[in-house]
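*Asks:* Here the protein sequences come in this chain order: A and B.
The first sequence: position 216 = 216 (the working numbering), numbered continuously.
The second sequence: position 26 = 26 (the working numbering), numbered continuously.
In short, the hints are calculated from the structure, not lab data.
There may be inaccurate statements among the hints.
One side of the interface only, derived from the structure: several residues of chain A facing chain B at Cβ under 7 Å [as the list claims (entries may be wrong)]:
#1 118
#2 119
#3 126
#4 230
Some but not every residue of chain B turned toward chain A, in silico, with C-beta under 8 Å [as the list claims (entries may be wrong)]:
#5 63
#6 67
#7 79
#8 92
#9 104
#10 116
Glycine included, each C-beta is placed from N, C-alpha and C at the ideal position.
Letter by letter, the chains look like this.
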Amino acid sequence: MAKVTIDGHNIEVPDGTTILQAARMIVDSKGYEGENIAPPTMCYYSKLKTSGGYCRTCIVKVTKGSEKDPRPMPKPVASCRTTVMDGMEVVNITSPEVLEARKGVVEFLLINHPLDCPICDQAGECHLQDLGYEHGLAKTRYDFKRRTFNMIDIGPFIKLHMTRCIMCFRCIKVADQLTNHRYQGMIFRGDASEISTYISKAIDNDFSGNVIDVCPVGALTDKTFRFKSRVWFTKPMDAHRNCTKCCGKVAIWLKGNEVLRVTARKNRWGEVDEWICNECRFEKKDATDWVIEKPTHIDRHSVISANHYESLASLKLDIGKQQKQLNKK
Amino acid sequence: MTLVEKLYLPAIFSGMLITFKHFFKKKVTIQYPEQTREFSKIYRGQHVLKRDEAGAERCTACGLCAVACPAEAITMIAAEREPGEEHLYREEKYAAKYEINMLRCIYCGDCEEACPKEAIFLTDRKVDSLYTRGELVYGKDILVEPVDKRVDVTKRETSKVAEFKAHKEFAHNKTFDKK
Numbered sequence: 001m002a003k004v005t006i007d008g009h010n011i012e013v014p015d016g017t018t019i020l021q022a023a024r025m026i027v028d029s030k031g032y033e034g035e036n037i038a039p040p041t042m043c044y045y046s047k048l049k050t051s052g053g054y055c056r057t058c059i060v061k062v063t064k065g066s067e068k069d070p071r072p073m074p075k076p077v078a079s080c081r082t083t084v085m086d087g088m089e090v091v092n093i094t095s096p097e098v099l100e101a102r103k104g105v106v107e108f109l110l111i112n113h114p115l116d117c118p119i120c121d122q123a124g125e126c127h128l129q130d131l132g133y134e135h136g137l138a139k140t141r142y143d144f145k146r147r148t149f150n151m152i153d154i155g156p157f158i159k160l161h162m163t164r165c166i167m168c169f170r171c172i173k174v175a176d177q178l179t180n181h182r183y184q185g186m187i188f189r190g191d192a193s194e195i196s197t198y199i200s201k202a203i204d205n206d207f208s209g210n211v212i213d214v215c216p217v218g219a220l221t222d223k224t225f226r227f228k229s230r231v232w233f234t235k236p237m238d239a240h241r242n243c244t245k246c247c248g249k250v251a252i253w254l255k256g257n258e259v260l261r262v263t264a265r266k267n268r269w270g271e272v273d274e275w276i277c278n279e280c281r282f283e284k285k286d287a288t289d290w291v292i293e294k295p296t297h298i299d300r301h302s303v304i305s306a307n308h309y310e311s312l313a314s315l316k317l318d319i320g321k322q323q324k325q326l327n328k329k
Numbered sequence: 001m002t003l004v005e006k007l008y009l010p011a012i013f014s015g016m017l018i019t020f021k022h023f024f025k026k027k028v029t030i031q032y033p034e035q036t037r038e039f040s041k042i043y044r045g046q047h048v049l050k051r052d053e054a055g056a057e058r059c060t061a062c063g064l065c066a067v068a069c070p071a072e073a074i075t076m077i078a079a080e081r082e083p084g085e086e087h088l089y090r091e092e093k094y095a096a097k098y099e100i101n102m103l104r105c106i107y108c109g110d111c112e113e114a115c116p117k118e119a120i121f122l123t124d125r126k127v128d129s130l131y132t133r134g135e136l137v138y139g140k141d142i143l144v145e146p147v148d149k150r151v152d153v154t155k156r157e158t159s160k161v162a163e164f165k166a167h168k169e170f171a172h173n174k175t176f177d178k179k
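With the sequences and hints as input, model every part of the structure.
*Replies:* Pasting the structure below:
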């Protein structure tokens, strides 16, 4: 076990835990209230092995290496790949230096990213949008032409818009780890690198749709939802069905009684709880296919939660309880 | 009452004097349909959906006006631009249906402020008085400016907008996929 201090919060974690995981444990233990000291991530995904280490948005400063060797680490480190040591002291949001460095990282991520949020289906639930907003980067200093690509159809349901890709490798890892064959990969190098299916081979695996959920930006989008609605006009509901291929537990995004989109349920960190199959995701677009449980809780401070539907639902529950009590009397 | 007050005549004459003075004052009424009053520079009347210089619709159905609208007067349905429609719509997505309920609208101008594409503006035109509610839900046929009859909104462009236009490094001020 190792004792770590992150932004003044103490926690004891098993050896081999990364700084990022420790920070998330602190936030989890404190509940939804309190400040979010967990570093943002664009490429790290706890459900995918060997993810992380590419985007550098999770950088933190280690002010004390460990109890035995208290020297600070000379440069900011990627918290998703750095394991904790006993007595380690880390600063994230309390350090202006870290925030400044992260701002630089965000600026680099945005260099080739088009600012087409008004068109992009990911807008409203995009992690890069949040990151850009949090760091106040409305302007770009980049004068040169941004790289552009033609849109590629990956199979009948997924659209790849490489122009928006930030090279996080998450989708490649999904394709590697969730499916039996490797179809998807990175081709070319450096600035010219791009995600591709080999020889434009269509992904026809049952779980290929999960690449949409792991994509932190709008590079991989659902063709059945393309331009149907902005996400903040839809209402997410937890729903389930008996599926032979997957757990069948999903979030459906409703507009009226119409199911516009089906996604996997995501946790507080924007990560999928359980992977869902393509049949659930793309083919069950009727409200009668699903058993609706309750409105999805959206924890992130997001425009999606501006609908107030959740509090309204709980209000109705309260009124129902009160009425029952009155009837008893 | 005193004797002077009882006479009534002085009061009548002083009242008539006030009335008489108004004959020589400037008239406050105007003959409305023929004459119109000067509008304020920032008068907020009927909306217009602007086209760009080439005549393509600027609106990309991003939904920010609808989410900014305090009266929830704006609804829209987006559609994807087909190849060959580049001269009609500026971006790859456009508003297939765009409706403003003029009875709900409170003319606050928040939609104008929220618009990232400089597509919607409030103009100094007045909204017609009509007989049914349905007629007052304005669709794209009324809101989009005709190509040959542009609506001038230069007065409404604030210094902020002018500044924004001057800096072309704002990438979202350009079109992306003109191929």
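*Asks:* State for each hint whether it applies.
*Replies:* To see whether the hints hold, each was checked on the structure:
no.: 1; hint: 118; result: holds, 3 Å
no.: 2; hint: 119; result: holds, 5 Å
no.: 3; hint: 126; result: violated, 13 Å
no.: 4; hint: 230; result: holds, 4 Å
no.: 5; hint: 63; result: holds, 4 Å
no.: 6; hint: 67; result: holds, 6 Å
no.: 7; hint: 79; result: holds, 7 Å
no.: 8; hint: 92; result: holds, 6 Å
no.: 9; hint: 104; result: violated, 17 Å
no.: 10; hint: 116; result: holds, 5 Å
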